[in-house]
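Note that the protein sequences, when read in sequence, are chains A and B. Numbering of the first sequence is given in the numbering used here, commencing with residue 3 and proceeding in unit increments. Numbering of the second sequence is given in the numbering used here, commencing with residue 438 and proceeding in unit increments.
Please keep in mind that the hints were generated in silico from the structure rather than gathered at the bench. Heads up, a few of these hints could be off.
[Said to hold, decoys possible] Listed next, the in silico DSS-like pairs over lysine-lysine satisfying Cα-Cα at most 25 angstroms (straight line):
#1 B:Lys689 / B:Lys754
#2 A:Lys264 / A:Lys228
#3 A:Lys134 / B:Lys716
#4 A:Lys134 / A:Lys25
#5 B:Lys688 / B:Lys596
#6 A:Lys89 / A:Lys25
#7 B:Lys547 / A:Lys89
#8 B:Lys639 / B:Lys611
#9 A:Lys134 / B:Lys547
#10 B:Lys639 / A:Lys134
#11 B:Lys611 / B:Lys596
#12 B:Lys716 / B:Lys639
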Amino acid sequence: MIQKEKSMEMYEKMVRIRLFEEKAVELFLKGVLPGFVHSSIGQEAVSVGACSALRRDDYMISTHRGHGDIIAKGARVDLMMAELFGKRTGYCKGKGGSMHIADLDLGILGATGIVGAGIPIINGAALACQLKGTDQVSLCFFGDGASNTGSFHEALNLAGLWNLPVIFVCQNNLYAESTPQRDHQKIQNISIRGESYGMPGVMTDGNDVLVVYQAVREAVERARKKAGPTLIECKTYRWLGHYVGDPSTSYRRKEEVEEWRKRDPVKLYRENLLKMQVCFVKELEEIDRKVEREIEEAVAFAQNSPDPRPEEAFEDVYVGEYIP
Amino acid sequence: MRKITYRAALREGLREEMQKDECVFLLGEDIAEFGGTYKVTQGLLEEFGQARVRNTPISEAAIAGAALGAALLGMRPVAEIMYIDFSTIAMDQIVNQIAKVRYMFGGKAKASLVIRTQGGAGRSSAAHHAQSLEAWYTHIPGLKVVMPCTPYDVKGLIKSSIRDDNPIIFIEHKLLYNEEGPVPEEEYVIPIGKADIKREGKDVTIVATSRMVMRALRAAESLSEDGIEAEVVDPRTLVPLDEETILQSIKKTGRLLIIHEAYRRCGFGAEIAALASEKAFYDLDAPIKRIGAANTPVPFAPQLENFVIPDEREIIKGVRELLG
Numbered sequence: 003m004i005q006k007e008k009s010m011e012m013y014e015k016m017v018r019i020r021l022f023e024e025k026a027v028e029l030f031l032k033g034v035l036p037g038f039v040h041s042s043i044g045q046e047a048v049s050v051g052a053c054s055a056l057r058r059d060d061y062m063i064s065t066h067r068g069h070g071d072i073i074a075k076g077a078r079v080d081l082m083m084a085e086l087f088g089k090r091t092g093y094c095k096g097k098g099g100s101m102h103i104a105d106l107d108l109g110i111l112g113a114t115g116i117v118g119a120g121i122p123i124i125n126g127a128a129l130a131c132q133l134k135g136t137d138q139v140s141l142c143f144f145g146d147g148a149s150n151t152g153s154f155h156e157a158l159n160l161a162g163l164w165n166l167p168v169i170f171v172c173q174n175n176l177y178a179e180s181t182p183q184r185d186h187q188k189i190q191n192i193s194i195r196g197e198s199y200g201m202p203g204v205m206t207d208g209n210d211v212l213v214v215y216q217a218v219r220e221a222v223e224r225a226r227k228k229a230g231p232t233l234i235e236c237k238t239y240r241w242l243g244h245y246v247g248d249p250s251t252s253y254r255r256k257e258e259v260e261e262w263r264k265r266d267p268v269k270l271y272r273e274n275l276l277k278m279q280v281c282f283v284k285e286l287e288e289i290d291r292k293v294e295r296e297i298e299e300a301v302a303f304a305q306n307s308p309d310p311r312p313e314e315a316f317e318d319v320y321v322g323e324y325i326p
Numbered sequence: 438m439r440k441i442t443y444r445a446a447l448r449e450g451l452r453e454e455m456q457k458d459e460c461v462f463l464l465g466e467d468i469a470e471f472g473g474t475y476k477v478t479q480g481l482l483e484e485f486g487q488a489r490v491r492n493t494p495i496s497e498a499a500i501a502g503a504a505l506g507a508a509l510l511g512m513r514p515v516a517e518i519m520y521i522d523f524s525t526i527a528m529d530q531i532v533n534q535i536a537k538v539r540y541m542f543g544g545k546a547k548a549s550l551v552i553r554t555q556g557g558a559g560r561s562s563a564a565h566h567a568q569s570l571e572a573w574y575t576h577i578p579g580l581k582v583v584m585p586c587t588p589y590d591v592k593g594l595i596k597s598s599i600r601d602d603n604p605i606i607f608i609e610h611k612l613l614y615n616e617e618g619p620v621p622e623e624e625y626v627i628p629i630g631k632a633d634i635k636r637e638g639k640d641v642t643i644v645a646t647s648r649m650v651m652r653a654l655r656a657a658e659s660l661s662e663d664g665i666e667a668e669v670v671d672p673r674t675l676v677p678l679d680e681e682t683i684l685q686s687i688k689k690t691g692r693l694l695i696i697h698e699a700y701r702r703c704g705f706g707a708e709i710a711a712l713a714s715e716k717a718f719y720d721l722d723a724p725i726k727r728i729g730a731a732n733t734p735v736p737f738a739p740q741l742e743n744f745v746i747p748d749e750r751e752i753i754k755g756v757r758e759l760l761g
């Protein structure tokens with residue numbers, strides 16, 4: 003049984019992700035944001051369920067579609083929004099952008115634009131904790147597409163071999179960019195790949211935040227007890243295209259999208275909280291309004307922030323002096 | 438002063454840094470009981486144990502990724518990639534992740550790690566075990582590239598590389614491991630970014646790297662018999678490059694010959710030639726001469742391999758051409 007405070011916090015985070023992403027989409031379509039944006043709308047339950055099972059001092063690595071994961075691990079939306087705007091007040095001083103947000107103090111070891119590349123890195127974080135003798139665990143998010151990379155296979159093999167305290171969380175949203183899962187791998191359940199590497203493979207409903215939370219919590223306990231890594235597959239769905247502006251109509255049917263939208267993870271959790279009488283509608287509405295204000299404030303903060311000075315391009319390439 | 442081999446000097450450097458700092462650990466293929474393919478790490482397992490001298494599967498991306506993850510948490514890993522040819526498997530981790538985390542994350546992360554590897558031909562190892570790929574890494578902002586050629590340099594530079602907070606690509610040469618040279622008993626380090634004039638001369642500057650320094654020195658001795666005094670400059674580190682020492686030497690001699698074992702086309706010699714033409718053009722009395730391996734894969738048969746890899750005769754011929 004989850005404490006009410008925790009239940010409400012999980013709801014708040016899901017709403018924060020949803021509203022942040024909706025705002026990012028809106029701003030991008032208005033032409034305000036540079037670059038491109040990968041929306042994680044529809045996958046909130048995976049991010050929040052998984053990160054809610056972690057402590058603040060545990061580590062996490064995310065992906066190019068990482069806003070949700072990062073918010074779930076506790077990141078500040080104002081610093082994130084400023085980063086999306088490319089401002090010097092952003093999380094990475096405008097050098098990383100949407101795909102590369104890190105907050106080492108929160109255990110967010112960044113996000114990578116190369117599919118699957120975070121998986122080998124998470125092993126190193128876990129190894130450092132193992133060598134230091136702490137009970138911290140490390141969690142890596144990645145998608146179904148990443149499960150076909152060499153990085154995935156090399157890293158899971160090593161994690162199993164070294165008994166590393168890692169939780170590998172596959173956000174199986176059924177599409178690797180535009181390629182449906184049936185066209186990129188023979189198997190349906192990626193979780194079965196855990197067995198090859200000597201770790202449990204767990205399959206979950208990635209649209210049910212409590213199911214994800216429970217599965218990751220068990221994996222975290224295993225890892226803390228030094229019983230090794232776990233692979234968890236969370237079946238979910240990416241409501242929008244691969245990037246904002248991709249209508250996704252060339253590779254998936256409207257009906258399919260509609261079916262998944264009916265299983266809206268935020269709505270499902272909201273209904274669940276009310277049904278289980280965890281809280282009153284009023285309390286949820288208060289959270290909704292609070293987060294709405296937060297996002298508006300984040301946008302204002304970003305818009306009012308200074309741009310980086312051109313010469314800042316030369317900073318942070320190296321520790322110490324720039325090498326021309 | 439005592440004389441020891443390049444291998445022994447390198448091992449001493451690793452051992453001293455491991456004794457000094459518990460955060461230093463080694464990982465790589467066959468480095469523990471087996472002591473490494475070229476026996477550099479022999480005996481370190483017995484002294485430091487399995488936790489700090491870690492054998493890995495043949496998974497170069499997983500090795501490099503694990504080194505990065507551990508470095509992000511403050512460790513100082515030294516990852517061995519058995520042959521620089523194999524580092525191509527880890528290219529994403531090295532080029533996209535290790536080199537860029539600090540910058541992408543706005544200066545919050547440090548990739549304090551060393552990738553030790555070795556290259557070079559001369560053993561009929563053919564096209565997959567004999568390349569000199571340093572230019573692949575010198576091209577990438579965020580990395581430092583170190584290429585020592587004497588026992589003294591390799592020890593002093595491995596120590597400063599391990600202590601450096603930046604990622605270092607540390608490139609040894611397979612035919613240098615047995616070379617002996619003077620190495621003091623007392624501790625010393627060599628700063629990264631400082632070239633060494635291996636032989637003084639007034640008539641021509643030879644900039645040579647790695648094993649080609651030895652060939653340049655032998656060529657210089659032959660030339661000396663004919664009254665031609667070549668100055669041999671060993672940059673020792675390619676990034677950062679000690680431009681000043683090279684430019685000073687050109688100012689003195691007015692002639693520049695560059696030699697490396699890497700393919701001539703787009704080899705690091707092109708960068709040095711560009712440096713000289715941009716900053717020492719009016720000091721030059723003759724066109725710049727650039728010698729490198731032929732632009733062919735490294736062949737197997739000794740007759741072919743010897744033909745494509747530059748030797749003393751080519752250096753002597755080049756110098757004579759420069760002197761008209």
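Now the hints, each set against the structure:
| no. | hint | verdict |
| --- | --- | --- |
| 1 | B:Lys689 / B:Lys754 | holds (21 angstroms) |
| 2 | A:Lys264 / A:Lys228 | violated (40 angstroms) |
| 3 | A:Lys134 / B:Lys716 | violated (49 angstroms) |
| 4 | A:Lys134 / A:Lys25 | violated (41 angstroms) |
| 5 | B:Lys688 / B:Lys596 | violated (32 angstroms) |
| 6 | A:Lys89 / A:Lys25 | holds (17 angstroms) |
| 7 | B:Lys547 / A:Lys89 | holds (22 angstroms) |
| 8 | B:Lys639 / B:Lys611 | violated (32 angstroms) |
| 9 | A:Lys134 / B:Lys547 | holds (18 angstroms) |
| 10 | B:Lys639 / A:Lys134 | violated (55 angstroms) |
| 11 | B:Lys611 / B:Lys596 | holds (20 angstroms) |
| 12 | B:Lys716 / B:Lys639 | holds (19 angstroms) |
Comparing the model with each numbered hint stated earlier shows that hints 2, 3, 4, 5, 8 and 10 do not hold.
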